[in-house]
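Enquirer: Line order of the protein sequences matches chains Z and E.
Reminder that position 61 of the first sequence reads as 61 in the numbering used here, one-by-one numbering, no gaps.
Reminder that position 337 of the second sequence reads as 1337 in the numbering used here, one-by-one numbering, no gaps.
Everything labelled a hint here was simulated from the structure, so no lab data went into it.
Hints may contain errors.
[As the list claims (entries may be wrong)] Straight line, CA to CA, 30 Å or less: simulated DSSO-like cross-link-like pairs of lysine-lysine:
| no. | chain 1 | residue 1 | chain 2 | residue 2 |
| --- | --- | --- | --- | --- |
| 1 | E | Lys1278 | E | Lys1089 |
| 2 | Z | Lys98 | E | Lys1433 |
| 3 | Z | Lys94 | E | Lys1277 |
| 4 | E | Lys1446 | E | Lys1499 |
| 5 | E | Lys1278 | Z | Lys94 |
| 6 | E | Lys1453 | E | Lys1433 |
| 7 | E | Lys1089 | Z | Lys94 |
| 8 | E | Lys1307 | E | Lys1513 |
| 9 | Z | Lys203 | E | Lys1473 |
| 10 | Z | Lys94 | E | Lys1259 |
| 11 | E | Lys1362 | E | Lys1010 |
[Unchecked claim] For the chain Z half of the interface with chain E, some residues (derived, Cβ under 10 Å), not all of them:
| no. | residue |
| --- | --- |
| 12 | Ile67 |
| 13 | Phe157 |
| 14 | Phe169 |
| 15 | Val170 |
| 16 | Gly182 |
| 17 | Trp183 |
| 18 | Ile186 |
| 19 | Thr193 |
| 20 | Tyr200 |
| 21 | Asp202 |
[Stated by the list, open to error] So these bits of chain E aren't anywhere near chain Z, every CB distance computed over 10 Å:
| no. | residue |
| --- | --- |
| 22 | Asn1038 |
| 23 | His1058 |
| 24 | Ile1120 |
| 25 | Val1128 |
| 26 | Ala1141 |
| 27 | Trp1152 |
| 28 | Gln1208 |
| 29 | Pro1241 |
| 30 | Lys1286 |
| 31 | Lys1344 |
| 32 | Pro1379 |
| 33 | Pro1439 |
| 34 | Asp1467 |
| 35 | Val1555 |
Values in this document were obtained by computation on a predicted structure and should not be read as measured data.
Glycine included, each C-beta is placed from N, C-alpha and C at the ideal position.
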Amino acid sequence: MHIDPSRRQFLVRSATGLSAVWLSTNWPALVAAADHAHGQAKSTSPHKPEFFTPEEALEVESISARIIPTTETPGARESGVIYFIDRALLTFAKDQQKTYRDGLPALQAQTKKMFPSVKSFSAANPEQQDEVLRSIAGNAGGGNYIFGTGADSAGFFETVRAHTICGFFVDPDTRGNPNGVGWKLIGRDRQHTFQSPFGYYDKDYPGFQVAPAASKPDGDA
Amino acid sequence: MKPRPPATSKYQPSDEVDFVIIGSGAAGGILAKELSANGFRVVVLEQGPRLSEADFTHDEIKVLQEDLLTNHPDLQPNTYRETPDQTAKHQRAVYYGRIVGGTSVHFTANFWRFHEIDFIERSKVGPVPGANLADWPITYADLEPYYTKVEWDIGVSGLAGSSPFDPPRSKPYPMPPLPVKGCGVVFERGARKLGWHPFPAPLAILSQPRPGRSACINCGFCLGFGCEVGAKSTSLSAAIPAAEKTGRCEIRPNSYVHKIELDATGRATGALYFDEKKATHLQRAKAVIVCANGAETPRLLLLSASKQHPNGLANSSGYVGKHLMLNGNGVTTAVFEHPLNDYKGFAPSRVLHDFYELDAQKVGFHGGGGLDARFDITPIAFATGALPPGTPRWGADYKAALAHNFTRTMEVFSHGTSLPVENNSFSLDPDLKDAWGLPALRMTYKDHPDDLKLIDWLNARASELLDATGAVKHWTFPAGVQNVAFHLLGTCRMGSDPKTSVINADHRTHDVKNLFLCDGSSLVTSGRGQPTMTIMALAFRAADRITALTKRGEV
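Build the full structure now, drawing on both the sequences and the hints.
Expert: Structure (structure tokens):
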């Protein structure tokens, strides 16, 4: 995979990639998906997926839970990412349905192939699940990604990864990311207004001092 | 999104106004303000919608992925190829603001001036093989009063005299720089150790409130986002309200211009545009000013081809769309021991211009550039791909790295020259059409080899600086050909010779007396990045020139 040198292209790669997924999306539907995830995550009643069958939802949730696992802090499972994805596939990410429809059976086949005694991906233990995911994730890496849109397994994995990240890290004030667990994890405060000093390095800053005049540089550096 | 109530129509398309301005961005907004203040009747046709501060959410998906503020690749698809012998492929190639206020709404607001060298580079360094480098028909001294006008009129914060490399200025900044960020402190410390000269970033962001506009609240959703408190000095916050206040200017959103009409004598008579329902209207005007950006301005001229102008309107030189310059850019990302919390605040904090003019004999390539200290990565983008190379992309270690790095990451951004290469261009795609049935924008672009060497060289300086400041870790990537465009420069260049330029120093097209162009397309060289300051200065100057010409009956 081509490693992109440019920050802007690098950011755009994520924008472009996601655009393929969040294509011609419909904003109220997206908010609804997030609210849905939010509500479902808080709800104590049994989860009711709408696009996925309950069995499929369990599989997708199990994948997302290996992407952002539950550790000493909440992971994708606790933040209801599965409901974000479920609603997304019925609304603004309809064009990604096929990726899941094709990807889930391929995932099960791969699980069976690698672990014949295991009934399904979700029934495998975490180590087995990671092995299966490593086998389908391909070599996409190095801090960038290309969004797969086809039925290939790496594309499926990348799609679930991107959806999991979006559901987990989206601005909690505008949709999803219930209780801001994603932002809490990375240390991003939820305030809208901040005042300097912002962090460790600027707290004792003495103020800007103009340096002695320079000679014009000539490229010797 | 709350739709803003439609502005009361001031003019009918059939009213022959003094000026129709196409595009409401950095140049169009300034021209609208200045010309309407000078007593002219002005209609601004903007292809995008009109949003207000209430619409400027922090929602990353809505803004960055769904193109709330930017051109949408489904409606207006692009194609790209590296060289003219290739067939261009359908991909997103261009990003620009497609709303009232244009790209200025979501820009970084990094607002340094071009230096003297940028206007006279061809005379100073001679020809550069593989490039069609030219001097501007104006100098830094001609533009200096207008740079000052931008700073005072729209609001730029900064510290005069803080960079020994700054060109001369007639006035200090109207307000002090914004507070330093952690990235700025470590950058300053590292640069000083190396004997370099960092200075507070001049930014088109208010450090002090102005009427109707707040000072920056450091919300942290800046680059790529609209400002919810009007602190960013954009066309929308700082120019258009003043234009409307004159009572002589109408901003007409959702108006997509696709042709400039001429009469039998070759004069422009107005602009044909689609309204929201795709009905076509002709806005009549005594003169037409195109400020549609460096991609859409040449596209509109090419779409306006006619019997009189078979190769595109105002294209007797053949230069329309050519010599596209995107500015070289690279990033070196670093992780520090303690939290910087650089997600708070505007993006850049400190800038360095020690390498603005490099000696090609010594470094082995032409060009120059700047470095800045910043952090501009919002949470989804960060989790998607801002961890160091080799970090797991999922799983517990991935999660732990996100948790540790987000508050400790900063970037040093390298900005550099792009040489004007004739093949680098915007043109009409022969096959692909947009949602209105018009030919799609095709980009042809391959960076000049010197531009790529420059970025690698600047990235190496960024790495030295980060070593000097004690970063725990830093990384960068080798420069590569750019196939996505943000800075859209040079495609209708200014010049004195009608054979080798599209507009003259008054921004008038050489071919059509009452047709003017002013935006990134006017630039003859790319500077070292950060073109919006110069685009706004050109727009203030163009307004003076066009006013004088009109008052003398010469338009």
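Enquirer: Regarding the pair lysine 1446 of chain E and lysine 1499 of chain E, is the alpha-carbon distance no greater than 30 Å?
Expert: holds (24 Å)
Enquirer: A cut-off of 10 Å on Cβ-Cβ distance, and alanine 1141 of chain E was said to be off the interface with chain Z. Does that hold?
Expert: Holds, since 19 Å exceeds 10 Å.
Enquirer: Under the criterion of a CB-CB separation shorter than 10 Å, is phenylalanine 169 of chain Z in contact with chain E as hinted?
Expert: holds (4 Å)
Enquirer: So glutamine 1208 of chain E supposedly isn't at the interface. Is its beta-carbon more than 10 Å from every beta-carbon in chain Z?
Expert: holds (14 Å)
Enquirer: Are all beta-carbon distances from histidine 1058 of chain E to chain Z longer than 10 Å?
Expert: violated (5 Å)
Enquirer: Just want to verify: proline 1439 of chain E was marked as not at the interface with chain Z; is every Cβ pair farther apart than 10 Å?
Expert: holds (21 Å)
Enquirer: Under 10 Å, Cβ to Cβ, is where isoleucine 186 of chain Z needs to be relative to chain E, so tell me if that hint holds or is violated.
Expert: At 4 Å from the nearest chain E Cβ, isoleucine 186 of chain Z passes the 10 Å test, so the hint holds.
Enquirer: Close enough to count: is the Cβ of glycine 182 of chain Z nearer than 10 Å to one in chain E?
Expert: It holds, given that the least Cβ distance between glycine 182 of chain Z and chain E is near 7 Å, below 10 Å.
Enquirer: Determine whether the non-interface label on valine 1128 of chain E survives the test: each CB of chain Z must be over 10 Å from its CB.
Expert: holds (16 Å)
Enquirer: Have a go at the valine 170 of chain Z hint: is there a Cβ in chain E nearer than 10 Å to its own Cβ?
Expert: Cβ of valine 170 of chain Z sits 6 Å from chain E, so the hint holds.
Enquirer: Grab the minimum beta-carbon distance between lysine 1344 of chain E and chain Z and tell me whether it stays above 10 Å.
Expert: violated (4 Å)
Enquirer: Using Cβ atoms and 10 Å as the threshold, tell me whether lysine 1286 of chain E really stays out of contact range of chain Z.
Expert: Label holds. Min Cβ-Cβ 40 Å, cutoff 10 Å.
Checked against the numbered hints above, the structure breaks hints 6, 10, 11, 23, 31, 32 and satisfies the rest.
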